[in-house]
Amino acid sequence: MSSFRVMWLMIMFDLPTKSKKDKKRYHWFHKELEKEGYMMLQYSVYGKIFASSDSAKYGKKRIKDFIDRNIKHGNIRILMFTDKQFSSMEIIIGEESIEEKNEPKQLLLF
Amino acid sequence: MGFKVLHLTRPCKIKIQNANMHLYFYDDANEVKVTLRDIDFLLFDNTQFSITGATLQLLAQSNIATLFIDEVYHPCAILTPYHQHSTMSEIAHAQVSLDVTFKSKSWQNIIISKVKNQAEVLAFMSLDTANELREFAKKVTLYDANQDEAQAARLYWKSLFNMQTFRREQGSEDIVNVMLNYVYAIVRACIARDVSVSGMLPVFGIWHKNKYNAFALVDDLMEPFRPVCDLYVKLLLNKKYHAANNLSTNIKRDLIAILNKEYLIINDGVSTVITAIGLFVREYKKSMMMQSAETLIFPRINTEKFYNEFF
Chain S
1 MSSFRVMWLM IMFDLPTKSK KDKKRYHWFH KELEKEGYMM LQYSVYGKIF ASSDSAKYGK
61 KRIKDFIDRN IKHGNIRILM FTDKQFSSME IIIGEESIEE KNEPKQLLLF
Chain H
1 MGFKVLHLTR PCKIKIQNAN MHLYFYDDAN EVKVTLRDID FLLFDNTQFS ITGATLQLLA
61 QSNIATLFID EVYHPCAILT PYHQHSTMSE IAHAQVSLDV TFKSKSWQNI IISKVKNQAE
121 VLAFMSLDTA NELREFAKKV TLYDANQDEA QAARLYWKSL FNMQTFRREQ GSEDIVNVML
181 NYVYAIVRAC IARDVSVSGM LPVFGIWHKN KYNAFALVDD LMEPFRPVCD LYVKLLLNKK
241 YHAANNLSTN IKRDLIAILN KEYLIINDGV STVITAIGLF VREYKKSMMM QSAETLIFPR
301 INTEKFYNEF F
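As you go down the protein sequences, you meet chains S and H in turn.
Quick note on the UniProt record's numbering: the first sequence kicks off at 1 and runs consecutively.
Quick note on the UniProt record's numbering: the second sequence kicks off at 1 and runs consecutively.
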C-alpha cells in the first residue's frame with residue numbers, strides 16, 4: 001500500500017466530565033471510538049488508518065453521525081493526513097505502541 | 001470491507017472486547033489489539049489457540065474469510081458467513097433455476113479465460129508452448145465438450161515446471177504441489193467468503209457437481225484465478241526457494257502475501273488479487289441474475305508487476 005494513499009484520521013477531544021451525565025457521555029464516546037476501531041495514541045487523542053481517502057471520508061461521516069446523536073458540548077477535532085505525514089511524527093517522550101506500529105501493515109504476522 | 005490479512009502462527013488466546021479482537025500471546029505475555037473491521041482474511045496457522053464463541057460469531061458477521069488448518073499444517077476448514085444477505089432467497093431461486101444456455105456459456109467463458117491466462121503465464125516464462133495454448137483457448141466449445149481444458153492443462157503443467165514426470169495432484173507431497181495446494185486453498189477461501197457475502201449458495205455450481213462437494217460454485221469461479229497462483233509459485237521457487245523441500249513458515253507467509261499484490265487486471269484497472277476476486281464474484285452474480293453470460297468480466301495477469309518484482 002502506498003504511504004501517500006493511506007490516510008489517517010486523528011480525533012482530539014475535550015469533553016466535560018463534571019456531572020454524572022457528562023461522565024456517562026464521555027465513556028459512551030470512548031467505547032464507540034473503540035468499536036469503530038480507533039486506537040488510543042494518548043489520552044483524548046485517537047487515530048485510525050484507512051486504505052484510501054474515500055474510505056477515510058466515509059469514516060469521518062460515521063464519526064460525525066454518532067457524535068450528533070449524543071454530544072452537544074465540549075470540543076472535538078478531526079484531522080486527516082497521509083501515512084507519510086504520520087510517520088514523520090516525532091515522539092519526544094514515550095514510545096510507539098505495538099498497535100501503532102502494526103496499523104499501516106497490510107500483512108499482520110504473529 | 002477491510003484491507004488486512006492476518007497470519008497467526010504463535011499459540012494464543014483470542015477474545016473480543018468492544019468489537020475488537022484481542023490476541024494474547026502466551027510466549028511473551030503480550031496482548032495485541034486488532035480491529036475486526038479492518039481484517040479481510042484470517043489464517044490460523046496453528047492448532048494451539050483458544051477462541052471464544054463471540055469471536056467466531058463476529059468473524060462471520062464481519063464477513064472475514066477465516067481458514068483453519070489440520071495437523072499437517074494444511075488449510076482444512078473455511079468459516080463461511082451464512083444468511084448475511086438481504087435478498088438471499090431471491091438469489092437462491094435464481095441460482096437453482098439457471099438454464100443450460102447460461103451454464104454452458106458461462107462455463108465456456110470461464111475456461112477460455114483460464115486457458116488464456118495459462119498461455120500468458122507460459123509467454124511470461126518465454127516458453128514456446130504459449131502459442132499452442134492460445135490455439136486451445138480459441139476452440140473451447142460450449143460446456144467445454146471437447147475437454148480442451150484437460151488437454152491444455154497437460155501441456156501447461158509439463159512445460160511450466162519443465163519436468164516430464166511432474167504431475168499436478170491434490171495429495172502429492174513434493175514441494176511444488178504442496179505450495180500450489182496451499183495457495184489455492186487461500187484463494188478458494190476468499191472466493192467462498194465473497195460467494196456467501198453476495199448471497200449466493202456455494203452448493204449450486206455451474207459445472208462442478210460432485211455430490212461430496214459443498215463448494216461447487218466456488219470451484220467453478222476459481223478457475224480463472226489459478227494461473228496467477230501458478231506463476232507466483234513458479235517464480236517464488238525460482239528466486240527464493242529452489243532448495244526448499246517442505247513448507248516452512250516463511251514460504252507460507254510469502255504465499256499468503258499474494259492476496260495483497262497487484263497481480264491482476266480486471267475491468268481495465270490494476271487491482272490486488274483480493275479485490276479482483278470480490279469484483280469478479282459480484283459481476284458473476286449480476287450476470288447470473290440477468291441470465292446473460294456475455295456481460296461477465298474476467299481477470300488478466302498483470303505481467304508488469306511480476307517483472308518489477310522478480311526480475
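Please keep in mind that the hints were generated in silico from the structure rather than gathered at the bench.
Idealized CB from N, CA, C, for every residue including glycine.
The reader is advised that the hints may include incorrect statements.
Claimed, not checked - So, partial list: chain H residues that the calculated Cβ filter (under 8 Å) puts toward chain S: (1) 16; (2) 20; (3) 25; (4) 37.
To be verified - Chain H residues, not near chain S, derived (Cβ > 10 Å throughout): (5) 3; (6) 29; (7) 38; (8) 143; (9) 204; (10) 246.
Which of the numbered hints above does this structure break? 1, 5, 7
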